[in-house]
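Peer 1: Next come the chains, spelled out residue by residue.
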Amino acid sequence: MTIVYLIVFGFAATAILGLITSWIDRKVTARVQYRVGPPFLQPVYDLVKLLGKETVIPAGASKVTFLIAPVIGISGVIAVATLFWVNQFFSEGFMGDWIVAIYLLAIPSLSIILGGFASRNPLASLGAAREMKLVIAYELPFILAALVPVINSHSIRLSVIIDSQAGGVFAGNISGILALIVAILCVQAKLALVPFDIPEAETEIVEGPIVEYSGPGLAIFKLMKNMLFFTLPFFLIILFFGGLRLNGINILWTILEYVGIVAIITVIRNTNPRVRIDQAVRFFWGPMTLIAIVAVILALKGL
Amino acid sequence: MSLKLKALLKSPWVFHLSTGSCNNCDIETLDCLTPRFDIERFGMLLVGSIKHADVLLVSGSCNRMSVERMKELFEQVPKPCLVVAIGTCAGSRGIFKDSYNCPVPLDKIIPVDVYIPGCPPKPEAIIAGAVKLIEKIGGTL
Numbered sequence: 033m034t035i036v037y038l039i040v041f042g043f044a045a046t047a048i049l050g051l052i053t054s055w056i057d058r059k060v061t062a063r064v065q066y067r068v069g070p071p072f073l074q075p076v077y078d079l080v081k082l083l084g085k086e087t088v089i090p091a092g093a094s095k096v097t098f099l100i101a102p103v104i105g106i107s108g109v110i111a112v113a114t115l116f117w118v119n120q121f122f123s124e125g126f127m128g129d130w131i132v133a134i135y136l137l138a139i140p141s142l143s144i145i146l147g148g149f150a151s152r153n154p155l156a157s158l159g160a161a162r163e164m165k166l167v168i169a170y171e172l173p174f175i176l177a178a179l180v181p182v183i184n185s186h187s188i189r190l191s192v193i194i195d196s197q198a199g200g201v202f203a204g205n206i207s208g209i210l211a212l213i214v215a216i217l218c219v220q221a222k223l224a225l226v227p228f229d230i231p232e233a234e235t236e237i238v239e240g241p242i243v244e245y246s247g248p249g250l251a252i253f254k255l256m257k258n259m260l261f262f263t264l265p266f267f268l269i270i271l272f273f274g275g276l277r278l279n280g281i282n283i284l285w286t287i288l289e290y291v292g293i294v295a296i297i298t299v300i301r302n303t304n305p306r307v308r309i310d311q312a313v314r315f316f317w318g319p320m321t322l323i324a325i326v327a328v329i330l331a332l333k334g335l
Numbered sequence: 007m008s009l010k011l012k013a014l015l016k017s018p019w020v021f022h023l024s025t026g027s028c029n030n031c032d033i034e035t036l037d038c039l040t041p042r043f044d045i046e047r048f049g050m051l052l053v054g055s056i057k058h059a060d061v062l063l064v065s066g067s068c069n070r071m072s073v074e075r076m077k078e079l080f081e082q083v084p085k086p087c088l089v090v091a092i093g094t095c096a097g098s099r100g101i102f103k104d105s106y107n108c109p110v111p112l113d114k115i116i117p118v119d120v121y122i123p124g125c126p127p128k129p130e131a132i133i134a135g136a137v138k139l140i141e142k143i144g145g146t147l
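Chains as they are written, first to last, in this note's numbering: chain A, 33 to 335; chain B, 7 to 147.
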């Protein structure tokens, strides 16, 4: 049964929804810039094309690490997406799966760092070093923000967090709103989108850690990014909006919440310039951590 | 036509290489990305890394210094890949035909799939060239 969950929900459903999300992202970006934008199947074309291309391994690169890094990343995303789907629809989960989810969500960043350092390219090493600093910067406020629903529901089980929002979602409280704002900005950094696309600044260090990847390796990294683009908003919906509710009129609400979070991320991405790495670290360790701590204190007070 | 090639024609990612052009062709190429022309409609993207590219867009007259770099880059493109020569200089060396610095035209160095003439070619001409490229391989838009 676990295999079915992993393949059908963890991989297939997440990948399809992730590709749709990346199309929404590109289309909204195009519309913001008064362009027409790519057709609906564009992410699929990109993926199939990349899978058919040649893999170039740079001379002197660590071959095994270079090739295995994308696989590590995508398996992390598949595992965490399966955890969310199963908690959402099928079972009670297990004690402490919130902690497992937080750990697994860090694996894609680690795989990018691994691939960047393995590819023996100065730009890739630079990008990987920046990614590492960015991970250190955003993990603290992200965990603090994700702690608020745990305090509100008195449980570190995702299914209990979902169930305890049946009466009213956590995004309705003051603490929930503050934590949601922090979490959305951290998701922005986790997805490495502008203004926090410092690791893979395309115009500066040409895609950073994935500069040397071509063919299937690049395809897996792109798919991993797209799946993460679905999984992270899904995590926020579980934490702050009571999960995906598919009964009656709630379907509309769920779609609205999901598309709304994606649209906010896309609009932030399109209206901001890239910051430097020191500015990003200061931003996450300063105001963001403070807001997250205030949210945690308010949640402890029961607000 | 194989699935590989079909998908490639649906999302050709372009790497833009100037081999000593006067910058006019480069400016006109970048114009294709602007809202008026928007080649992302056809799935085309400008990529920064040669390892991600499917189409090598060459402008300029291939002078002695840049030919070595161009050969190196052509070897690094993951195959299958296509080459487009933008502008008169890349197509036939133009006014630099008798120059000491441009001994060989581009198509004597690497295989070129499509020539887009003009000094510089208009963005419409570049898009028409892209359509010709796709039709030559056998696809439709």
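Bear in mind the hints are in silico, worked out from the structure with no lab data behind them.
Please note: incorrect hints may appear among the correct ones.
Here are the computed lysine-lysine pairs in the DSBU-like style, where the Cα-Cα straight-line distance is at most 35 Å [claimed, not checked]:
#: 1; chain 1: A; residue 1: Lys-254; chain 2: B; residue 2: Lys-85
#: 2; chain 1: A; residue 1: Lys-95; chain 2: B; residue 2: Lys-128
#: 3; chain 1: B; residue 1: Lys-103; chain 2: B; residue 2: Lys-10
#: 4; chain 1: B; residue 1: Lys-128; chain 2: A; residue 2: Lys-59
#: 5; chain 1: B; residue 1: Lys-77; chain 2: A; residue 2: Lys-95
#: 6; chain 1: B; residue 1: Lys-85; chain 2: B; residue 2: Lys-103
#: 7; chain 1: B; residue 1: Lys-77; chain 2: B; residue 2: Lys-138
#: 8; chain 1: B; residue 1: Lys-85; chain 2: A; residue 2: Lys-59
#: 9; chain 1: B; residue 1: Lys-103; chain 2: A; residue 2: Lys-59
#: 10; chain 1: A; residue 1: Lys-165; chain 2: A; residue 2: Lys-333
#: 11; chain 1: A; residue 1: Lys-59; chain 2: B; residue 2: Lys-138
#: 12; chain 1: B; residue 1: Lys-103; chain 2: A; residue 2: Lys-254
#: 13; chain 1: B; residue 1: Lys-103; chain 2: A; residue 2: Lys-95
#: 14; chain 1: B; residue 1: Lys-10; chain 2: A; residue 2: Lys-254
#: 15; chain 1: B; residue 1: Lys-10; chain 2: B; residue 2: Lys-114
#: 16; chain 1: B; residue 1: Lys-138; chain 2: A; residue 2: Lys-95
#: 17; chain 1: B; residue 1: Lys-142; chain 2: B; residue 2: Lys-114
#: 18; chain 1: B; residue 1: Lys-12; chain 2: A; residue 2: Lys-254
#: 19; chain 1: A; residue 1: Lys-254; chain 2: A; residue 2: Lys-333
#: 20; chain 1: B; residue 1: Lys-114; chain 2: A; residue 2: Lys-59
#: 21; chain 1: A; residue 1: Lys-59; chain 2: B; residue 2: Lys-142
#: 22; chain 1: B; residue 1: Lys-103; chain 2: B; residue 2: Lys-142
#: 23; chain 1: A; residue 1: Lys-254; chain 2: B; residue 2: Lys-128
#: 24; chain 1: B; residue 1: Lys-128; chain 2: B; residue 2: Lys-77
#: 25; chain 1: B; residue 1: Lys-85; chain 2: A; residue 2: Lys-95
#: 26; chain 1: A; residue 1: Lys-254; chain 2: B; residue 2: Lys-77
#: 27; chain 1: B; residue 1: Lys-128; chain 2: B; residue 2: Lys-142
#: 28; chain 1: A; residue 1: Lys-59; chain 2: A; residue 2: Lys-254
Each pair of labels, with its calculated beta carbon distance range [claimed, not checked]:
#: 29; chain 1: A; residue 1: Val-96; chain 2: B; residue 2: Lys-142; range: 34 to 44 Å
#: 30; chain 1: A; residue 1: Glu-234; chain 2: B; residue 2: Pro-123; range: 43 to 53 Å
#: 31; chain 1: B; residue 1: Ala-134; chain 2: A; residue 2: Val-132; range: 50 to 60 Å
#: 32; chain 1: A; residue 1: Ile-134; chain 2: B; residue 2: Glu-141; range: 36 to 46 Å
#: 33; chain 1: B; residue 1: Cys-125; chain 2: A; residue 2: Val-68; range: 21 to 31 Å
#: 34; chain 1: B; residue 1: Arg-70; chain 2: A; residue 2: Thr-97; range: 35 to 45 Å
Away from chain A, derived, C-beta distances all over 10 Å, residues of chain B [stated by the list, open to error]:
#: 35; residue: Lys-16
#: 36; residue: His-22
#: 37; residue: Asp-44
#: 38; residue: Arg-47
#: 39; residue: Val-53
#: 40; residue: Tyr-106
Don't be surprised by glycine CBs; every beta carbon is placed ideally from N, CA and C.
Peer 1: For Lys-114 of chain B and Lys-59 of chain A, compute the direct alpha-carbon distance and say whether it is at most 35 Å.
Peer 2: Given pair Lys-114 of chain B, Lys-59 of chain A is violated - Cα atoms ~41 Å apart, limit 35 Å.
Peer 1: May I ask you to check that Val-53 of chain B keeps its beta-carbon over 10 Å from the closest beta-carbon of chain A?
Peer 2: About 8 Å separates Val-53 of chain B from the closest Cβ of chain A, which leaves it inside 10 Å; violated.
Peer 1: When you look at the beta carbon of Tyr-106 of chain B, is every beta carbon of chain A farther off than 10 Å?
Peer 2: holds (34 Å)
Peer 1: Closest CB-CB distance from Asp-44 of chain B to chain A, is it above 10 Å?
Peer 2: At about 4 Å from chain A, Asp-44 of chain B fails to clear the 10 Å cut-off, so the statement is violated.
Peer 1: Within a Cα-Cα threshold of 35 Å, do Lys-254 of chain A and Lys-77 of chain B meet the stated pairing?
Peer 2: holds (28 Å)
Peer 1: Looking only at beta-carbon atoms, does the pair Cys-125 of chain B, Val-68 of chain A fall within the given range of 21 to 31 Å?
Peer 2: holds (29 Å)
Peer 1: Mind checking the alpha carbons of Lys-103 of chain B and Lys-10 of chain B for me, to see if they're no more than 35 Å apart?
Peer 2: Violated: Lys-103 of chain B and Lys-10 of chain B sit about 38 Å apart, past 35 Å.
Peer 1: Below or equal to 35 Å on CA atoms is what counts here, so check Lys-12 of chain B against Lys-254 of chain A.
Peer 2: Measuring from Cα to Cα gives roughly 20 Å; hence the hint holds.
Peer 1: Measure nothing beyond the straight line between the CA atoms of Lys-254 of chain A and Lys-128 of chain B; if it is 35 Å or shorter, mark the hint as holding.
Peer 2: holds (33 Å)
Peer 1: State, for the Cβ atoms of Val-96 of chain A and Lys-142 of chain B, whether the hinted interval 34 to 44 Å holds or is violated.
Peer 2: With a Cβ separation near 40 Å, Val-96 of chain A and Lys-142 of chain B satisfy 34 to 44 Å, so the hint holds.
Peer 1: Given the hint that Lys-59 of chain A pairs with Lys-254 of chain A, test it: the Cα-Cα distance must not exceed 35 Å.
Peer 2: Holds, at roughly 17 Å.
Peer 1: Lys-85 of chain B and Lys-95 of chain A were given as a pair; does the straight-line alpha-carbon distance stay at or below 35 Å?
Peer 2: The hint holds at about 20 Å.
Hint check: violations occur at hints 2, 3, 9, 12, 13, 16, 19, 20, 30, 32, 35, 37, 38 and 39; the rest are consistent with the structure.
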